[in-house]
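Chains U, L, W, C and R are the protein sequences, given in the same order. Under numbering that gives the first Met the number 0, the first sequence has 288 at position 289, and the numbering climbs by one with no breaks. Under numbering that gives the first Met the number 0, the second sequence has 167 at position 168, and the numbering climbs by one with no breaks. Under numbering that gives the first Met the number 0, the third sequence has 68 at position 69, and the numbering climbs by one with no breaks. Under numbering that gives the first Met the number 0, the fourth sequence has 168 at position 169, and the numbering climbs by one with no breaks. Under numbering that gives the first Met the number 0, the fifth sequence has 242 at position 243, and the numbering climbs by one with no breaks.
Hints in this document: simulated from the structure, not taken from any laboratory. Treat the numbers as computed from the prediction; the structure is a model and nothing was measured. Beta carbons are placed, not taken as given, at the ideal position from N, Cα and C, and that holds for glycine. A portion of the hints provided could be inaccurate.
Just a few of them, taken from the derived set where beta-carbon distance is under 10 Å, the chain R residues facing chain C [as the list claims (entries may be wrong)]: (1) Thr49; (2) Gly52; (3) Lys75; (4) Ala88; (5) Arg89; (6) Phe108; (7) Arg172; (8) Met277.
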Amino acid sequence: MLLVQNIRLSRILRNTWQVDLIMIVSCVAAYLIREFLIAHHLDIPAIIPTVLGTAIAFFIGFNNNQAYDRWWEARKVWGGLVNDSRSWARGLIHYVDPTDVQLARTMVFRHIGFLYALKASLRGETHNFRAEYLTAEDETAISSHTNLHNAILALQSRDLQTLARNKSIDSFRFIELNEMLVRFTDGMGMSERIKNTVFPTTYSYLTKVFIWLFVVSFTLVISQSMGVWSIFMGWIIGFVFVSTQINGMSLVNPFENNSASIPLNSITRTIEINLLQMLGEENVPAPVKPINEEYIL
Amino acid sequence: MLLVQNIRLSRILRNTWQVDLIMIVSCVAAYLIREFLIAHHLDIPAIIPTVLGTAIAFFIGFNNNQAYDRWWEARKVWGGLVNDSRSWARGLIHYVDPTDVQLARTMVFRHIGFLYALKASLRGETHNFRAEYLTAEDETAISSHTNLHNAILALQSRDLQTLARNKSIDSFRFIELNEMLVRFTDGMGMSERIKNTVFPTTYSYLTKVFIWLFVVSFTLVISQSMGVWSIFMGWIIGFVFVSTQINGMSLVNPFENNSASIPLNSITRTIEINLLQMLGEENVPAPVKPINEEYIL
Amino acid sequence: MLLVQNIRLSRILRNTWQVDLIMIVSCVAAYLIREFLIAHHLDIPAIIPTVLGTAIAFFIGFNNNQAYDRWWEARKVWGGLVNDSRSWARGLIHYVDPTDVQLARTMVFRHIGFLYALKASLRGETHNFRAEYLTAEDETAISSHTNLHNAILALQSRDLQTLARNKSIDSFRFIELNEMLVRFTDGMGMSERIKNTVFPTTYSYLTKVFIWLFVVSFTLVISQSMGVWSIFMGWIIGFVFVSTQINGMSLVNPFENNSASIPLNSITRTIEINLLQMLGEENVPAPVKPINEEYIL
Amino acid sequence: MLLVQNIRLSRILRNTWQVDLIMIVSCVAAYLIREFLIAHHLDIPAIIPTVLGTAIAFFIGFNNNQAYDRWWEARKVWGGLVNDSRSWARGLIHYVDPTDVQLARTMVFRHIGFLYALKASLRGETHNFRAEYLTAEDETAISSHTNLHNAILALQSRDLQTLARNKSIDSFRFIELNEMLVRFTDGMGMSERIKNTVFPTTYSYLTKVFIWLFVVSFTLVISQSMGVWSIFMGWIIGFVFVSTQINGMSLVNPFENNSASIPLNSITRTIEINLLQMLGEENVPAPVKPINEEYIL
Amino acid sequence: MLLVQNIRLSRILRNTWQVDLIMIVSCVAAYLIREFLIAHHLDIPAIIPTVLGTAIAFFIGFNNNQAYDRWWEARKVWGGLVNDSRSWARGLIHYVDPTDVQLARTMVFRHIGFLYALKASLRGETHNFRAEYLTAEDETAISSHTNLHNAILALQSRDLQTLARNKSIDSFRFIELNEMLVRFTDGMGMSERIKNTVFPTTYSYLTKVFIWLFVVSFTLVISQSMGVWSIFMGWIIGFVFVSTQINGMSLVNPFENNSASIPLNSITRTIEINLLQMLGEENVPAPVKPINEEYIL
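Full structure from sequences and hints, please.
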């Protein structure tokens, strides 16, 4: 998640230099073709880039809207995980009979492990965090599973049933806590859905093709009155569209490990701090710090 | 679900060649008519294609938005089935008394059968998968039903009641598991709704008519300054609109068996793997592989 | 619900001939006025129809979006009724004690009667279907009510309480089944809301006025370069807007008995078939057939 | 809620005459300024009103969309109150032990009183209706509260607890009925939210300013070719935007007592009729009648 | 929340004077460059600002829509807190056994403290309000927590369990009240999500860059026909876009302490009044008053 209000133009140029190069070459070619091949034969009417502009406006708007929706939905899903994690811990700490307080604590710790495992899976990280929050026995139990976080939830269900069998919670409280497990399953599955569903690639492909068509025809048209300057203007206008498109696409996969993504590190840490404080732990880690005062992961 | 970022233009041309032909013929006709019939009688003002462009922009935007919404809703419905399947299995495995573990396992297996039956129905496939997950008795019981997956859910209800009568689950756990059956009914019905509701055909019909009107009037207008080149430009611009429209329409029926559809094979297999691992099965199938590294079904 | 992809143009012309006539008369008048009154006095700038086009584009887009939303919401409501009807029947068949199986069957049959009564009310039909699914006693009980389907739900509540008093269901199952009655109440009320709420009439009224203004000013402008052909072009462009508007408005009242409406006959029949098969009935009606292979009601 | 399809133009002119006057004066001024001050010095390019038109199109579209959303949400909230009122009455009538039938009836009557009190508060009416549905004791109890409808709900909770203490309902039915009270609280609070939240006034303010800028620059531009007729055309185009804006804003406060509002009188009466018939009352009021066949309140 | 319909133009100019200055300087520069450097060498085609206008229209529309959505979601979240606070108090007052009435009252008071703590955290205020509604013991308990409002909810859970252990509420009522705590957790977390998630800064950055590009190219184009007046018109049009953008951005952080924000002071006070009156308190504070009749905080 970006924090700074002013993005350095250099950062944008660094992201777009390949496309910029293609556009400049295309503009030069368009200019030369018009100047030496078609200048005296035919007029290129301005309606051509105008109509193409309409198509591009639709595409860029569509792509940006859908990308933002994916990003915001991802943020909501993890916001939901924050809320339910607090309700889960509150329930285990206050509604479980004192005789089983140790098991309840284990289940809160294991939940932090669940979040780190889910985060690692979404970010494609190696699973180095969970060790401190899972017991050795837990680690063995889940090791044979391809989906580690789902396996951790199964352990929670097993222990919830144990709490019920021990009469440490009655069936009503069992239902309430199980409801949280169902919600974690939902949040986990929704994150996986956003991560695994490729935004239809035809949209970004057609956008690229149409921007290129636009830049070429635009240069052809304006070179009629602006001459060699049309190369510069063609690139500027192309740059406007390209940077808008790239900007939108930076949100489409909100669980990647880059500056525009949902700050999973920071959110997971917030939950960790809340839960440890609710457990009365002294040793609480500090919140995640921004990188270069520029963005937070 | 398409995986590759760069669609070969040949694929798009293959999808649109009939429309391309119609457009080129129309453009040639428009060019000839203007050249030999009306060139010296009247000017065709550029406002005509401009206004038509507005109407087309609305239509293409509308169609694409609604098609994407259907596609994304379909994905969400199956994402929900993933989540609830895991909660269903987790509940049956951990909350049922050990004396009835066999029946609980049967119910998890039968659920996989339910998913394959639903998938086959949505895709219009013959039901060849379910045999391995349903008992022979089950198959007989559902054979007289026109809606197989609904019939399988009825069997689950019957066995859930059996678990309750055996006191293997108390009424609270019964309610929790029944809630999952209600959700499966919802997911199943929502899938059927998307599959069976034809997107209002007037929208795509009018879009086609208006694109054709646009291409003709556009060619008439630009042929005034571009001559025979107007045929080429008319087709290019028409192609932009047509490919956008076809692209959108490829998402409108997300349960068909093509490269743009929701990857039901892959999702069902993911659930299958999760559930088998939760049951502790050794023999777990591999995830579905992409076809030609290009798309996944 | 329309099934065919190609609407005959004759059908569209039949729906719009009155408006077409008004437009043609207006275009002729506009042409004559310009030709004989104002041709030599003043130029009519193209910016006038262009700006009006913007306003119309907003209106037509807005109307179409809201109409489609009403239509799709109506479809979702009835999709929900499909799902809950299945859950209702599944619950009554499997969760009620065998001693009360007859009452449970009556309640499933009565539910089909409820759906037919609701459908008849939404479509403004006379209530000729329900007789087969309601007992004579039921018919007497509801006869004094203005809202028949609501009265049927009250009977279901009464019998659900009877099942509970007979101990044929425990309180948990009572709650589950009552939840379905609450959902039917919701689906019923949502259908009535969509049916009874008139889409703000100012929107379609202003759309008509602005299209007329547009057609007249458009004809005035293009007649400066196209002469008498402007009458034809004015009508064509007007036709584009009018048919779009009429197309959208055909979805705004999705419970009417026409080819664009939600196919309530077909959906009700689907539920009927599912429920009868779940009850093990032999005598199951056939699905509703499309009319002329063109649409389904 | 308007019922007629054709709004008399006189009604629209009556709503807009002040703005019309301002616009006509502005157009005359613009015409005179151009004619006598700047005609021979400079050309006013058409791009100025065109660009302003884009900004206005955004504003008017935005305002209309948000206003309609508020209106439709308000309608949904009251649709929800219809549904839950029926479920509330059905539950009290059928699930309460016959020994407490009188208290149950009182609670249904009091609910009608709640709806009238809520409606009166939203509409800013004096509370003259509730007397017939509340007991004298109720009236005393709520008299000290600033929020009467909230106070009535508290009485319902008190009596629901009494029903439970009398064992006339078990805890399951208590929960079901209490759930309805929670939903009434939600519907009540959502209505208050829509009523009390002022739509950001900057939007309508800027819209007015930009329409004025547009009308002036538009008149300046077209007066170059149309002379004195530009005053008329400037006003016509301004009228199109103004009437669209005013039309949208008529929906933004859907609980006011005017022809475009949600018909609270009619909806409340519908619930009243349903509930009285469910109670078996003979003396049922007639539905609310439209006013002048034109709109319903 | 702004109350007045007419914003003083001076207020808008005060908010935008820095940008206005930059724009005027840019317009002057553009005018001078064209006049003395490029006037006789090349024509600047109007299509350049037109195309840029399309891009800006997309950006401003997108930013405004998303900002409004954040604002309206924030309002809904706090509307939900209003509703659930009333249900919470109603439940504690009427469903708790008279023997524990004192503890129930404490829990209602503490809830007001929770709301003030949450409000203070969202607004970044110092926590001076909560003292009157929390016991000294409560204050000690939460003092070690970084998230005070979450800590208060934990106290509520602890006391709810006490009520249940004392048999002052049965498990059903426990569940109902706990459900409210879960909803408070959700409302609290959703508020934090909106507050802590920075709206992607690239959007407002690119909007600024593109408006600047637009103003410059627009001035260049119109200076060809309007001369020195183009400076004024360039600024006017730039002002239209800038004020629209700033207006939208004023809603993007709805929990800040300014005139456009959600009126948290007023909403919290409303709940406070409702709850105190439900408790039968005599000493009820007055509603929050608007500031300068202009806005309410």
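Hint check results:
1. Thr49: Given a least distance of 7 Å, the restraint on Thr49(R) holds.
2. Gly52: holds (5 Å)
3. Lys75: holds (7 Å)
4. Ala88: holds (8 Å)
5. Arg89: Cβ of Arg89(R) sits 5 Å from chain C, so the hint holds.
6. Phe108: violated (17 Å)
7. Arg172: holds (8 Å)
8. Met277: Holds. Min distance 6 Å.
In summary, the structure is inconsistent with hint 6 from the numbered list given earlier, while agreeing with all the others.
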